[in-house]
Each structure stands twice: as C-alpha cells, then as structure tokens.
Amino acid sequence: MSLYSEKVMDHFRNPRNVGVIENPDGVGEVGNMKCGDIMKIYLKIEDGIIADVKFETFGCGSAIASSSMATELIKGKPLSEALTLTNKAVAEALDGLPAYKMHCSVLAEEAIRAAIKDYYDKNGIAYDSKDFPEHGHEEEA
Amino acid sequence: MIYADNAATTKMSRAAIEAMKECMEEDYGNPSSLHSVGQRAQEKLSEAREKIASLLGCLPAEIIFTSGGSEADNQALRSAAALGAKKGKKHLVSTAFEHHAVLHTLKKLESEGYEVTLVPVGEDGLVSPAEVERAIRPDTCLVSVMYANNEIGTIQPIPEIAALCKRKGVLFHTDAVQAAGHIPVSLENVDMLSLSAHKFHGPKGIGLLYARRGLRPDPLIEGGAPARGKRAGTENLPAIMGMAAALEESVLHMKENAEKMSAVRDRVIAGLSRIPHGILNGDAKKRLPGCVSFCFEGIEGESLLLMLDDYGICASSGSACTSGSLDPSHVLLAIGRPHEIAHGSLRLTFSEETTLEDADEVVTKVKEVVEKLRGMSPVWRELQEGKRQYFLR
Numbered sequence: 001m002s003l004y005s006e007k008v009m010d011h012f013r014n015p016r017n018v019g020v021i022e023n024p025d026g027v028g029e030v031g032n033m034k035c036g037d038i039m040k041i042y043l044k045i046e047d048g049i050i051a052d053v054k055f056e057t058f059g060c061g062s063a064i065a066s067s068s069m070a071t072e073l074i075k076g077k078p079l080s081e082a083l084t085l086t087n088k089a090v091a092e093a094l095d096g097l098p099a100y101k102m103h104c105s106v107l108a109e110e111a112i113r114a115a116i117k118d119y120y121d122k123n124g125i126a127y128d129s130k131d132f133p134e135h136g137h138e139e140e141a
Numbered sequence: 001m002i003y004a005d006n007a008a009t010t011k012m013s014r015a016a017i018e019a020m021k022e023c024m025e026e027d028y029g030n031p032s033s034l035h036s037v038g039q040r041a042q043e044k045l046s047e048a049r050e051k052i053a054s055l056l057g058c059l060p061a062e063i064i065f066t067s068g069g070s071e072a073d074n075q076a077l078r079s080a081a082a083l084g085a086k087k088g089k090k091h092l093v094s095t096a097f098e099h100h101a102v103l104h105t106l107k108k109l110e111s112e113g114y115e116v117t118l119v120p121v122g123e124d125g126l127v128s129p130a131e132v133e134r135a136i137r138p139d140t141c142l143v144s145v146m147y148a149n150n151e152i153g154t155i156q157p158i159p160e161i162a163a164l165c166k167r168k169g170v171l172f173h174t175d176a177v178q179a180a181g182h183i184p185v186s187l188e189n190v191d192m193l194s195l196s197a198h199k200f201h202g203p204k205g206i207g208l209l210y211a212r213r214g215l216r217p218d219p220l221i222e223g224g225a226p227a228r229g230k231r232a233g234t235e236n237l238p239a240i241m242g243m244a245a246a247l248e249e250s251v252l253h254m255k256e257n258a259e260k261m262s263a264v265r266d267r268v269i270a271g272l273s274r275i276p277h278g279i280l281n282g283d284a285k286k287r288l289p290g291c292v293s294f295c296f297e298g299i300e301g302e303s304l305l306l307m308l309d310d311y312g313i314c315a316s317s318g319s320a321c322t323s324g325s326l327d328p329s330h331v332l333l334a335i336g337r338p339h340e341i342a343h344g345s346l347r348l349t350f351s352e353e354t355t356l357e358d359a360d361e362v363v364t365k366v367k368e369v370v371e372k373l374r375g376m377s378p379v380w381r382e383l384q385e386g387k388r389q390y391f392l393r
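The listed protein sequences correspond, in order, to chains H and E.
Residues 1 to 141, numbered by our numbering, are exactly what the first sequence covers, in order.
Residues 1 to 393, numbered by our numbering, are exactly what the second sequence covers, in order.
With the rest of the complex left out, here is chain E (with noise of 0.2 Å):
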C-alpha cells in the first residue's frame, strides 16, 4: 500500500507518539493545579510551548493552543472581526480558493453584517499581491491569504502581501496548515497564523493560533482561565507534548525532507504529464514539496480514487463527490477549471517516507486507472470521435 494521501493526515512520527505517551503515563496533572503534580505538567506545557515559540521564531505568550487548524482560523477571523467593528471597519480580504474553515467563517460573518471580498487567483494556482493591494478598503479589519493551498500545493507570496498590509496597516492572518513544518514560514509582518499538528506527523486534535503580541484574539471558548484568557478548558496537554515533539522533527530535517519529497513530487509529474488529455493544476516550482494535483479529461475523480484504493494507492481528489455535493472542487474551480475537467481531478500528496519506487508504481496505476475509467466513459468516446471538444491538449 502507498499512502499518497498527507494533506489530508500524517501518521504520526515515533518522537511525537513517545512524548504523548510519556506525558499520559507520567504528566497527568491538570496545569492550573497549585500542587506539585499540576505544576509539574505546568512545567511540560511551558516547555512545550517555549520549544514551539523558538521553531516558529515567536514569543511563547504569543502561541494560543487550539483544536487544530479550522478552530485556529475561526478565531482569528472572528478576532480580527469583533478587532474591526469597534472601530467601525467591517470588511475582510481573503482569496477565492481558501480552506472551507476560512470560507465558511467568512460567510457566517456576511451574515452577522460584515463585507468579503474574495482575490481571484491565477491559473497557476497563486494570489498576486497586487489584487490584494487593490481589494483593500479604508475599512478593511483583516486580509487572509493561505500560505499554501490543500489542494494544489501552490506556495503564496506570504512575505510580500503581509508587507504590503503592514504598509496600509490592515490585519495579515495566514493559514499555514499545509505549510508548516514542510517548508520555512516567516512570521515578519504576520499578525495571526494558524496550524495543525497532524499535517506534519503530530497527533489529530490539537494545533495553535500564533496572534502577533499586543493583539487580544476573542477566546472562543469561554470558561476558566488557563491561558490568560484566550482559551478557557484544561490544556491538551499529550497532544502539545506530541506537538511540539513532531514540529521539532519536522523543522530540524526541513531540508532533507523536502529535498526527498521534491524528488517523488516531480518524478510523478513527469510520468503523469505523459497521460494524455491531463493536466497538472497549479505552477510546477511554487508548490509544497510533496504536493502533485492533476486533472484528466473524460473521467471523474471518486471513481479513479476508489479504483486506485484498489490498486493499493490511498489518493484525494478535488472533486467534492465523496462528500455528497454535486459541485466540484471551488479550489480548481477557482484558478480557471471548468466544471467538465474539475470532476475529473487526482491529489498526491508524499511524505518523506516515499521511495522513488513508489513514484513509479504510482505513475504506472494511475495511467492504467485513467485508461481503464476512460474505456467505458461515453465523454471519452464523444472527444475521441470528435463529436466533442477537448479542453485539454
């Protein structure tokens, strides 16, 4: 079995299960007791958190622990907003092609009043600074822009609009879930970032919200006091332990990893480019390292997944199918797919685990799943016999 699949989860890395269960097995304490048991695992959550600060290059106060990414975004959003209103600025900036946990907010907020201005983004798959610049308002409270896209893997130019909002002095939230631990993230000029432990090896469940010092995100959850007021319920303490022990592996072998994850990433895309009618979605270089997405005309994306578990290769696709909607990936639809070639979409995502073998043998299946998907599709037929036109070359 090849697990293709790490956008979506990690397994979890041997460093980061060994803390979470020493912490179970010895760290139980509740951090807010005064006894020497809660202090002690007081002292395991501040070490945890100074160790997740110097990894990210923050101040420990700096780190608001979360439910993970999506909770990490609905606060900063909500926090920037609840920012924005008291000063009578009630529109946000963020892109078309952001995670359903940015998007979603953003709706919720169109309703409680507020205004949205989605960027468009280019068919490579990135967001120009530029749109940015011209979407800000005199009254804009926030602009967040992803640092990586979940579907395609392209890498945003995070540095240049976070200077340009520092220079018009509007709010710079970025959701760095697929990027962090996976390629070096700057926090200059960034005023809230958002990630998730699993995305690099770390336990489900847990991940954080940096918030720039001086700025007060609304808590969430509200309750007793534990970490000065910004998330009340006692700390998941395993999980920050398991955490920070992930983020540590993950930036201290950084390069490496990416270097070997890089190799996989464009092996297959040249061996996929080689299928007919196919497409790669988003720019070749600016993209996550282990990150391939593709289009293929005249098949659509659950049933090459489902065929390709078959085959031992655990994939994604854009297509939102699996999950019962009938419209198809807002990300592919976003840089320019029409909705025809969007269904037909295909997600590799490689960790460092990966051999150059497995490259292979995914290329191998996934031309022999097109080709057979392809052999009973009446939409191949019709562009074949040239009753239809072809949409990609």
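Chain H with its partners taken away, still in its complex shape (with noise of 0.2 Å):
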C-alpha cells in the first residue's frame, strides 16, 4: 500500500518493543478509545537510563507504527534525552506521515512523556513542569 512509507509499514509488521513490563518503573497512557487511538508505554529505568521500554497500542497502522520507533528512538537512552523526543522526529524516522496522520506521532511523544512523569511522580523526581504540558487531544501538525 503507497499510504505509508516502507518503514511504516516494516515497524506497522514487525513491531519493536511490543508487550508489557511487569512492574514497570514508569506507565504512561495517552488518547481515548472514542478517537480510536491508545497508546499506552512501560518503562524500566536504570540510573536514569531506559533499560527496557515496551508499549502497547489500540490505533491505526502509522499509531502503531510510531508508537514502535519512537520506543526504538529512547531505548538504551537518558530520561533527559528522552524527553526531548519530539513527534516530528518520530515522523522523520518513518520517513513521514500522511498529514492527517501526523497526531499518531505526537501520541507516540505524549505517551513517552507521560510515563516518564509517572516514574519522577511515583520515585518523588524534582522536574520542570514545563516538560510535562497538559495535552488535549487535539491534531498537530
């Protein structure tokens, strides 16, 4: 199918990082099913480092695609550069997105924020606020 580049179909085939961790250091969860987008990712950190990621996603194939490389993109990463992930670097490494499909990636950077935030949450991790904004779930370019 030309909808998708080649490396959204290979990662929407082959997904990296699928699963669940048990007791995970970090969740996050993001979307809602009446959008018909979940993506929800799990953690294991090791001083301050991701030792394992999994994620888990109800969504189309570039959600599922994107949820799939951007756990490739922080694997074996510090939190702190985690956190600069952003979805059109997400995007970028799928070699695009179709426009109207673009929020997919920025689900795949909210979902690894938000489980990032619940692993400074639960430990009580000082952090800027300002990398957590509150999301709507609105489209982004």
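Think of the hints as simulated: they come from the structure by calculation, not from any bench.
Idealized CB from N, CA, C, for every residue including glycine.
Any given hint could be a false lead.
Ranges between beta-carbon positions, derived for each pair [said to hold, decoys possible]:
#1 L3/H with E353/E: 20 to 28 Å
#2 I221/E with T86/H: 47 to 55 Å
#3 S129/H with A85/E: 38 to 46 Å
Work from the hints to combine the two standalone chains into their complex.
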C-alpha cells in the first residue's frame, strides 16, 4: 500500500518492543477510545537510563508504527534525552507520515512523556513542569 | 489475492469492456450530430437506453444518464427540493445512514432554508416504514431511503415505504447504488432512483437517475440540450454502452450469482461469528448477497485492513480513519454501535467470482489478524483482565 512509507509498513508489520513490562518503573497512557487511538508505554529505568521499554497500542497502522519507532528511539537513552524526543523526530524516522496521521506521532511523544512523568512522580524526583504540558487530544501538525 | 471490496467497486465484466471497446472504435460520433456518423452514435445511444429501460422496467425517456450515483442523488434531492419550494413545501425526510451523497446534499439544502428529518435506523440496520410515516409532515416534499445500505448491506423495505409515500402524496427517491444488478429492484411507486454502473461490473463515471414520467428533474449541468434539457453535455457513449452490457449480464445472471454469493457470505458470517467479542452488523438475512460487516472489540479498523491487505485480502472498514477523520462510521453509530466498537469494523463484499475456498481463507486470515492486533492492544488487555467492561459478549 502506498498510503504509508516502507518504514511505516515495516514497523507496523514487525513492531519493535511490543508487550508489557511487569512492575514497570513508569507507565504512560494517552489517547482515548472514542477517537480510536490509545497508546500505553511501559518503562524500566536503571540509573536514569531507559533500560527497557515496551508498548501496547490500539489504533491505526501509523499509530502502531509510531509507537514502535518511538520506543526504538528512546531505548537505552538517558531520561533527559528521551524527554527531548519530538513527534517530528518520530515521523521523520519513519520517513514521514501523511499529514492527517501526524497526530499518531504526537501521541507517541505524549505517551513517553507521560511514562517518564509517572516515574518521576512515583520516585519523588523533582522536574520542570514545562517538560510535561497538559495535552488535549487535538491534532497537531 | 482475494478481492473482497466489491461494494467499493467491481472488476469490469468482459461484456462491458467489449461493448466499450467497440463503441470507442466504431461509434465515435456525437449523438447530436446530424450526419451519418453522429446518427449511428444516436442509434447506439437509443439502443442502450432502451435496453437499460427494459431491464429496469421503465420507459426509455425516464432515464437520465449521469456521471454516477452521487450525481444522480444530488439531482434527485435538488429537483424534489425545487419542486417542493414552488408549493411551499420545504421539508425532506431521509435516514441517518444514507450515503454521503444524500446526507451532504441534505446538509446543503438545510443551509438554504430547507428542513430535514433523518429517521433513525434500528439495530438490525433496517428502517421502519412506520417511522418514515411518522416523519412525514404536510410540508414534506421528498422521502429518500436507500435500497440497501452500502456499509452493512441491509436491504430496506422499499416497496412498503414507496407505497406509503404514494398514499401520502409525497415524492419518493431511493439510492439503489448497492442494490441494482444484485437484487431485484422494483420501481413500483418509486418516483426517482439512482444507480451506478461500476457497482455491477460496469465502468466508473457513469450512472443514471430514473425519474418517473411527468417529473421534470432540474438539470445540474447547464449547456446544450442533448437529453431533452435534462443534462447538458455530450453523452459518454462508451460508458453508457458499457453500463448497458454490464446491467444486462447482471440482471440475466442475478439469481445464480446471488445464490453463489449468499453461500460465500453465510459461510464467512458463520466463520467470523466464532471470533469472541465480535458482532455481525445488520440483519443476518435481509442483506445483500455479497455483504458481510462485523465489529470486533479491542481493535481498530484501519490496522485490520492494512494487515489483511498484507495477508492478501482487500477489504474495507466502516472506519473513517483512512479519510482522516477521527469519527467512526455514521452508519455503525446509526445502528447503535458505540464509538468504541464502531472503530473496529470490517466490511467484506464478495462477487460471483469469490469461491467457498476463498471464504474459508478469508475467515482464517481475519481470525489471525484480529488475534494479532488484540495481542498488542492495551484495550484488549484491560478487557481480558476485567478492568474494562466488554460491550460485546
């Protein structure tokens, strides 16, 4: 299908890091069923590094591919670096997404932020609230 | 590859291709020209018109060729609205699960000062004639109800609705795009009917509006007057020839094709019904011979289609996700499926070429894909762990 790039199709067909982490250090879930997209990210943190990451996604092909790519991009990275991941970087790593599917990459970014925030909250780690803006579920370009 | 998206469009029949080819090679004239080449084209046009009329059971003059079903729907609604306005009747009745060609035209008419009542649809995907009757007011100028729904395939009680409209003195239009060529279509008490050739193995870009004698539909396209002022522009003769050939073949083989397709359909329905937490959309019996529509809980339709395509099955979904909207199908919402379920829809529409072996393969592949997607769905996990309530048993 030429709707998506080969990269998107590859990550959709063979999603990386799909699954759950038992007793995760951080969990983030974004999206809602009414809109047809839910992403859940599980993190295992060791010494400020993302030692393991898994995802579960209910959504379209590009939502699954975005989650898969986003987990690849943050795996093994320090939390500080994972926080700099943008939806554009996810989309670019997938060789682009159709304009009306960009919200999938936004969800992936938000899910990772939510999981990191969960880890900070659970462990009483101070953070800059600017890193965790409140999101509605609108489309972004 | 198994093509199971015949409600979107069909493969052209050999007869239709040959008819078009012959027309393009031999009868290239403009039917409005006075010379012999033009007159030969005019003859072919008349023949095609007569053939179609006899297949539909109407008069040749009652057929207006259009660019397809959407144009026919637009013209039918606009014509009835204009006629109604002359009599101070500016109310139209239709249903909540019509094709967008009807719904969007109605929206436009609303913005132009008309009132519209959309009759609700039952969970079985059927419109109740009593509900239609209740919606009719003294100022109603048109009732428009589709013959068969394009997404879930349910066949509507058109003869009853047409009869009650006649009794009430209200014009009745039916969008028969999915029905024509597949099931017997009755014109009794029907004032206007739309159909489209590419849904029954004809070419794309051609369809027609049947308008009962005495009705004068407003032209949507102004210009010269080849078709008695109804639609300007030189007729698309090759496409008309192709449509006539395709319709003839479809009507001729309707019974045997319907039997073949129903067998495939029922086998797929039986197979997919074994997938837990899924549901058939629309009445199991009052449906088009080739149409199956299901919702599966815990997954989303676009990924389902994409993966099925990977597995060699071309299907479709009620999900509007692919068109960029986050809203699920208005048809599934109309029959009462909640948003959460409506996102996980699958439409399989077969043709007479689909075999029982294909049916089995479709069932196997759909099961596999549903399982695979559920395996990575957080929603499915929560349902399984009892953290979320199932909608579907």
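- Message: Please check whether S129/H and A85/E have a Cβ separation lying inside 38 to 46 Å.
- Response: Between S129/H and A85/E, where Cβ atoms are some 59 Å apart, the hint is violated.
- Message: Against the range 20 to 28 Å, how does the distance between the Cβ atoms of L3/H and E353/E compare: consistent or not?
- Response: Holds, at about 26 Å.
- Task: Determine whether the Cβ-Cβ distance between I221/E and T86/H falls within the hinted range of 47 to 55 Å.
- Result: holds (49 Å)
Hint violations for this structure: number 3 only, all remaining hints satisfied.
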